[in-house]
Amino acid sequence: TVYFCFIFSGDSVTLYTDIETIQQEEIIWYFNDIPIADITGDQSMNCTDVQCNNGAERFRGRLKLDHQTGSLTITNTNTTDSGLYTLQINSSSESLVQLFSVSVYYQMKRKSVNEGESVTLDPGEVKNLNYLMKWYFNDTLIVNQTGSLTIIWYFNDIPILDHQTGSLTITNINTTDSGLYTLQINSSSESLVQLFSVSVYYAPEQDKMKTKSVKEGESVTLDPGVVKTTNYLMKWLFNGIRITEINGDISFNCTDVQCNNGAERFRGRLRLDHQTGSLTITNTRTTDSGLYKLQISSSRFTIIKSFIVNVTGEYHLVMKLTKYIHICSRRCLIHYVK
Numbered sequence: 001t002v003y004f005c006f007i008f009s010g011d012s013v014t015l016y017t018d019i020e021t022i023q024q025e026e027i028i029w030y031f032n033d034i035p036i037a038d039i040t041g042d043q044s045m046n047c048t049d050v051q052c053n054n055g056a057e058r059f060r061g062r063l064k065l066d067h068q069t070g071s072l073t074i075t076n077t078n079t080t081d082s083g084l085y086t087l088q089i090n091s092s093s094e095s096l097v098q099l100f101s102v103s104v105y106y107q108m109k110r111k112s113v114n115e116g117e118s119v120t121l122d123p124g125e126v127k128n129l130n131y132l133m134k135w136y137f138n139d140t141l142i143v144n145q146t147g148s149l150t151i152i153w154y155f156n157d158i159p160i161l162d163h164q165t166g167s168l169t170i171t172n173i174n175t176t177d178s179g180l181y182t183l184q185i186n187s188s189s190e191s192l193v194q195l196f197s198v199s200v201y202y203a204p205e206q207d208k209m210k211t212k213s214v215k216e217g218e219s220v221t222l223d224p225g226v227v228k229t230t231n232y233l234m235k236w237l238f239n240g241i242r243i244t245e246i247n248g249d250i251s252f253n254c255t256d257v258q259c260n261n262g263a264e265r266f267r268g269r270l271r272l273d274h275q276t277g278s279l280t281i282t283n284t285r286t287t288d289s290g291l292y293k294l295q296i297s298s299s300r301f302t303i304i305k306s307f308i309v310n311v312t313g314e315y316h317l318v319m320k321l322t323k324y325i326h327i328c329s330r331r332c333l334i335h336y337v338k
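Be aware that the sequence shown starts at 1, since it is given in full-length UniProt numbering, and climbs by one per residue.
Please note: incorrect hints may appear among the correct ones.
Said to hold, decoys possible - Beta-carbon label-pair distances, calculated as ranges: (1) M108 with R271: 35 to 41 Å; (2) N247 with L84: 36 to 42 Å; (3) D139 with N78: 22 to 28 Å; (4) D162 with T276: 36 to 42 Å; (5) F4 with T176: 28 to 34 Å.
Claimed, not checked - Only pairs whose alpha carbons sit at most 27 Å apart, straight line, appear in this in silico DSS-like list of lysine-lysine: (6) K64 with K215; (7) K235 with K210; (8) K215 with K293.
Everything labelled a hint here was simulated from the structure, so no lab data went into it. Even glycine gets a Cβ: it sits at the ideal position worked out from N, Cα and C.
All chains, please: the whole structure from these sequences, using the hints.
Laid out in structure tokens, this is it:
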């Protein structure tokens with residue numbers, strides 16, 4: 001049986017033996033078949049890393065060995081610590097072996113860009129021709145490179161791959177490109193994984209249709225053109241103040257007064273479509289004019305779309321004659337009808 005461990009670089013990991021020892025056994029830990037820790041039953045010879053491996057100090061004091069159980073802890077892990085760890089316990093009557101596959105991932109890097117811009121995902125790794133390199137977008141393979149052969153699947157505009165560093169550049173990016181990008185680099189001796197979370201923000205100035213103008217009293221619908229799934233958190237903000245919210249499991253939804261600690265601005269005039277995320281404001285008022293933002297979040301990405309709403313009032317001129325006819329003057333009054 002192989003036990004799998006997945007951690008981020010910088011974290012610590014403990015490989016538990018789950019074996020009761022009587023402290024008479026010899027316990028040896030191997031990393032990719034290289035001895036890195038050893039305890040003899042009578043404690044006459046214990047070693048970790050440099051002592052065990054003839055000076056090849058890979059872990060540099062980052063190994064902690066439990067002398068009671070034989071469990072091994074690796075602190076401040078690096079991606080180069082990924083690999084197969086083998087525990088061998090030898091006694092006078094038997095020999096036991098346990099296997100641990102440890103994968104250490106780079107800490108997730110986050111990128112935020114505006115729609116239409118370009119973004120480069122740079123792993124900071126130097127590639128050689130012996131590497132197998134794959135890029136995934138939300139678990140879908142988009143780039144596969146083996147040696148000098150590169151296969152790129154269609155992905156909006158074709159992404160640009162740097163064959164020396166493995167960095168991926170996406171040009172003319174769209175909000176639909178938001179998500180998790182994973183780089184997997186494999187060689188004969190190691191496997192490296194890097195994660196990038198890309199958030200693409202909607203730029204309202206690029207789409208004049210996102211400016212809505214209505215007359216006071218009419219209704220207006222802000223349609224983001226996004227199909228919602230149950231894993232999304234969806235929030236609408238008006239001038240930075242939350243006015244509606246839906247979480248993924250629908251256990252908490254709110255509109256206006258519920259969301260905003262009692263500041264009931266819209267007074268039951270909001271209608272939220274739970275499937276598409278579109279927001280309808282009924283019986284609009286001039287005070288409803290402003291910036292509306294829809295924020296859609298999941299564990300992998302964030303999308304923001306913005307709408308500018310202009311509500312104009314209607315003005316009526318009322319002409320009134322003075323009671324003094326001999327003056328023959330008229331006065332013009334402006335009355336705001338709401």
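#### Entry: Numbers of unmet hints, in rising order
6
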